[in-house]
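Generate the whole structure from the sequences, applying the supplied hints.
Read off the chains here:
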Amino acid sequence: MQKTILAKTGNEAMALAMKQINPDVVAAYPITPATEIVQIFSQYVADGEVKTEFVAVESEHSAMSACIGSCAAGARTMTGTSSQGLALMYEMIYIAAGLRLPIVMADVNRALAAPINIHCDHSDTMGCRDAGWIHIFSENAQEAYDSMIQAMRIAEHRDVRLPVMVTTDGFIISHGMERIDTLPDAEVQSFIGKYDPMMHLLDIKKPYTVGAINLTDYYFEHRRAMVDAQNNALKVIKEVGAEFGKKFDTNYGLIEKYQLDDAELAIVALGSTCGTAKVVIDKLRKQGVKAGLLKIRVFRPFPAEEIARALENIQTVAVLDRSDSIGGFGGPVFTEVRSALYGSAKKPRIAGVIYGLGGREIDMEQIEGLFMDLKAGQVKADSVSYLGVRD
Amino acid sequence: MSELKKYKELALGGNIEKSGTAVDFKTGDWRSSRPVYHPENCIQCLFCWVYCPDSAVILKDGQVTGFNLDHCKGCGICAHECPGKKKVKAIVMEEEVK
Amino acid sequence: MANLKELAARGDKFTGGHRACAGCGATIVARQALLAAGDKPVVATCATGCLEVVSTIFPYTAWDVPFIHSAFENSAATISGVEAAYKSLKRQGTVKEDIRFMAFGGDGGTYDIGLQALSGAMERGHNMLYICYDNQAYMNTGIQRSSATPKGSATTTSPNGKKIPGKVQFRKNLTEIIAAHGIPYVAQSVVGNWSDFTKKVEKALAKGGPAFIAVLQPCRLGWGYPPELTAEMGRLAVDTNFWPLYEVEDGKYKINYTPKERKPITEWLFQQERFRHLKRPENQAILEEIQKDIDLRWENLGKKCSQ
Chain A
3 MQKTILAKTG NEAMALAMKQ INPDVVAAYP ITPATEIVQI FSQYVADGEV KTEFVAVESE
63 HSAMSACIGS CAAGARTMTG TSSQGLALMY EMIYIAAGLR LPIVMADVNR ALAAPINIHC
123 DHSDTMGCRD AGWIHIFSEN AQEAYDSMIQ AMRIAEHRDV RLPVMVTTDG FIISHGMERI
183 DTLPDAEVQS FIGKYDPMMH LLDIKKPYTV GAINLTDYYF EHRRAMVDAQ NNALKVIKEV
243 GAEFGKKFDT NYGLIEKYQL DDAELAIVAL GSTCGTAKVV IDKLRKQGVK AGLLKIRVFR
303 PFPAEEIARA LENIQTVAVL DRSDSIGGFG GPVFTEVRSA LYGSAKKPRI AGVIYGLGGR
363 EIDMEQIEGL FMDLKAGQVK ADSVSYLGVR D
Chain B
235 MSELKKYKEL ALGGNIEKSG TAVDFKTGDW RSSRPVYHPE NCIQCLFCWV YCPDSAVILK
295 DGQVTGFNLD HCKGCGICAH ECPGKKKVKA IVMEEEVK
Chain C
2 MANLKELAAR GDKFTGGHRA CAGCGATIVA RQALLAAGDK PVVATCATGC LEVVSTIFPY
62 TAWDVPFIHS AFENSAATIS GVEAAYKSLK RQGTVKEDIR FMAFGGDGGT YDIGLQALSG
122 AMERGHNMLY ICYDNQAYMN TGIQRSSATP KGSATTTSPN GKKIPGKVQF RKNLTEIIAA
182 HGIPYVAQSV VGNWSDFTKK VEKALAKGGP AFIAVLQPCR LGWGYPPELT AEMGRLAVDT
242 NFWPLYEVED GKYKINYTPK ERKPITEWLF QQERFRHLKR PENQAILEEI QKDIDLRWEN
302 LGKKCSQ
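Chains as they are written, first to last, in the numbering used here: chain A, 3 to 393; chain B, 235 to 332; chain C, 2 to 308.
In short, the hints are calculated from the structure, not lab data. Among these hints, one or two may not hold up.
Stated by the list, open to error - Some residues of chain C that are not near chain A, with every Cβ distance over 12 Å (derived):
no.	residue
1	41
2	66
3	67
4	71
5	164
6	185
7	197
8	267
9	277
10	296
11	297
To be verified - From the structure, some residues in chain C lie toward chain A, with a derived Cβ separation under 8 Å:
no.	residue
12	59
13	62
14	69
15	299
A quick note: this is a predicted structure, and the numbers were derived from the prediction, not measured. Even glycine gets a Cβ: it sits at the ideal position worked out from N, Cα and C.
Here it is in C-alpha cells:
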C-alpha cells in the first residue's frame, strides 16, 4: 500500500484525517489554536471534497449540542475545539458520553483561563477526564493523524459506543510542521468501515426517546454501564491499534514503553514531551544511565494494569503532569499512576512533577536535569514539585 | 411499576426503546374530582378532546364516548370548555369518591 | 386547515400518563402541535424544563414520535444537529422520507438561557419549527422570574415584598427579536385557541426553513388560578390585548384576531394569584403603567401591520 509523505502541521494532519473519514456532519466553532482544523475543513466542504453537512454554530456549547443531535440521528459526526471552547462544552461533553454517542473530536490542548493564555497545557482535556470520553494523546502530528482514523473505529465499536477525543499539544504539534505518512482515501474508508448507528432518530418507523430523565431508580445503572464500556475500550483500542499496525505498519497500544524494560530511572509523560524525552534518554543511555520513558497514549480508559506492570520494577519514577489539580495531591497523571502502583509488590520511589503550564517551554536540558536529580536521589518520593516556574 | 432492571439489561445510553410508553403509567389516582359524561347534552364539538392535557377523552369513530380514568387527573378543563346543548353541559365534574 | 374531526382521526402523538400537573397548559401545546403536524413524520426535541421532565421519566415517555432531549439551553442547537444529519443522509440517499423537525422550550429555555442557541439556529436557516411554551416564569424549578415574566408579577425570585411589589421590569418581546432575524415565519399563539395554533403550526411547517411560534401558556400553579381555567386564561390574555395573536410571514405583519372590545387588563390580572397584590390602592400606579404598556405595544403592532 502506497503511503504519501506530506509536510503537515498537526492541525492540517487532523483536518486531513477528517476529510478522509468524510463524516456526515461536522459542527464546530473556531478557537485558537484549533481554528485551522475548522477552517481547512470548511474549505473541503466549500470545494465539494467531502459529503459532510457542515454546521457553523454560534458557540462550542451549540457545537457539541448539534453533534449530539446529529449523532443520535444516525450521522457519523465530528468536531474540533480547544481550551475555553471545551470548557464551554463541558455540560454537553458529559451528555454526549452518557447518551453513548460515538462522536469523534479533535482537541488541541491549551491552558484554561485565568489568566487567559493560548498556549499548551493539558488543563482543558484533564478537566473533563471523568466525563466518560475516551482520551487519546498524540506525541506528534503523525500520531494525531493515525489516532483520528482509529478513533472512529473505537468510538463506533459495539462494545464501546463512547465519544473519543484525540488531542494534540497546542502550537507545539498543532502549528509545528512535520513530515507525515498519509494513507489513500480508500484505505481510510475501508479501515473505518460503514457506520451502523443501531438505532437513530430518523428511523421514523421505530420512534424512541433519547435523553429521558432518570430518577433515583435508574441513573446509577446507566452510569454503571458506561464503566463497562470504558473497560471494553481497553481491549478494543488495542485491537484497533494492532489492526492499524498490520495494515499500515505502525502499531498503537494504550501505552508506549521507551527504553523502559531495564530502566532504573523513568519518567511518565503524555503528548509532545515524550518526543523530547526520547532524545534525552538516547543521550543518557550512551552515557550509561539507565533512563526510560513510559508514554501514556490513552488516558481514558486509564490502563492501570499495564502501567503498573511497566513501572513496578523501576527504582525511581517521576510523573510529569502538564496540568495541575490545584489543591489536590499532584496532577491527575501522578495521582492515578501512583494509585495504579499501590497493589504492586515492588513499588518504585515515585514523585510528581508539574511542568509546562500555559505553554512554558520544557527543553532537553530540563528533562536531563530531572533524570540527574532522580539519579542523585534528590527527588523526594511521594512529593510534588514544580519544574520551570520562577520561585 | 415494572420490576427494576439490572444495568446490563438496559438499552444503550438510557434510551427508552419504545415510544409512548407513558400510557402504561396511571395518573388517575391524582384526581379529586372526575368528569361525568352526559351524552344527551353532547354536540360532539370535540373541544373537551382537543384541550385535554392528558389525552384522556376517549373517541370512537371521531365521537366522544367517555374518559380514560387511568390518565384523567380531574383538572376540569373539559367540563369548563364544554358548550353543551342549550347551555346544559355534557360534562360535569363530580367529587371523586374513593 | 385541519378541523377537529380530521385532527382526531390522526390520533395522538403525545400520550397521557405523563406527570404534568392537572390542567397543565404545556402538555396541551405539545399535544396540539404534534396533532397539527399531521401525517408527516416529525422528530421532536425539548429543552430541559417542565414539559421534558413530566413527559420522559424513565422508562415512561409520552412522546410517540422520535424524541431527543439533551439539555436546557440548547434545544435549538440539538435539533439543528438532527436536521443537519437529515440533510446529509437524505442527500446520500440513506434516508428517504420527508421529515420535519420541531423543538420545544419554555420561556426559561427560550427567552433566557437558550436565546443564543435559538438565534444561531434561526440565522443558519435550519428547516425547523421552534415552539416556545411561554408560561412567563421558570415553573420547573418553582416559579422564578424570567425575562418573560410580566411587570408586577410575583414569583419566588421577584416576590411581593414590603418594599418591592413583584417584578419591577416589563417583559422582553422575544417574538419581535426572532422576527428581526428575517426568517420565513414567526407567530404568536395561545393555549385556548386551538384553531389559531393548529393553523400556525401547519403554516410554519409548510413554509419550510426556520419558523418560530411563541405560545402563551397559562400555568395554573405559577399563575394561581383554578385548573379548569387554563384555556380560558389564555383567551382572556388575548382579549385584553396582553398577548396579541399575530404572525410575521416573509416579513409581513398580520394581526390574526382583534377583540371586539379590548378588555381592561385587570380582568386578566385579578384572576391570578401572582398579581393579587396589585389590587391594593398603593399599587394603582403599577396597574396604570401595565395598561399603558399593553396599549402602546398593541398600537405599535398595528403600525407594523399597516406598513
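Distal placement of residue 71 (chain C) relative to chain A, Cβ over 12 Å: violated (5 Å)
Distance rule for residue 197 (chain C), whose beta carbon must clear each one in chain A by more than 12 Å: Given that every Cβ of chain A is farther than 12 Å from that of residue 197 (chain C), nearest at about 28 Å, it holds.
Hint status (Cβ of residue 299 (chain C) to nearest Cβ of chain A, threshold 8 Å): violated (33 Å)
12 Å Cβ clearance of residue 297 (chain C) from chain A: Answer for residue 297 (chain C): holds, closest chain A Cβ roughly 32 Å.
Distal placement of residue 164 (chain C) relative to chain A, Cβ over 12 Å: The claim holds: residue 164 (chain C) sits with its nearest Cβ about 36 Å from chain A, beyond 12 Å.
Status of residue 277 (chain C), Cβ more than 12 Å from any chain A Cβ: holds (33 Å)
Separation of residue 67 (chain C) from chain A, once the least beta-carbon distance is taken, above 12 Å: violated (4 Å)
Non-interface claim for residue 41 (chain C) versus chain A (Cβ beyond 12 Å): With a cut-off of 12 Å, residue 41 (chain C) comes too close to chain A, as the shortest Cβ separation is near 10 Å.
Restraint satisfaction for residue 59 (chain C) [CB to CB of chain A, less than 8 Å]: holds (4 Å)
Residue 185 (chain C) non-interfacial with respect to chain A [C-beta, more than 12 Å]: holds (19 Å)
Minimum beta-carbon distance criterion (8 Å), residue 62 (chain C) to chain A: holds (4 Å)
Check on residue 267 (chain C) being off the interface with chain A, judged by Cβ distance over 12 Å: holds (39 Å)
Taken one by one, the earlier hints fail for this structure at numbers 1, 2, 3, 4, 15, listed in ascending order.
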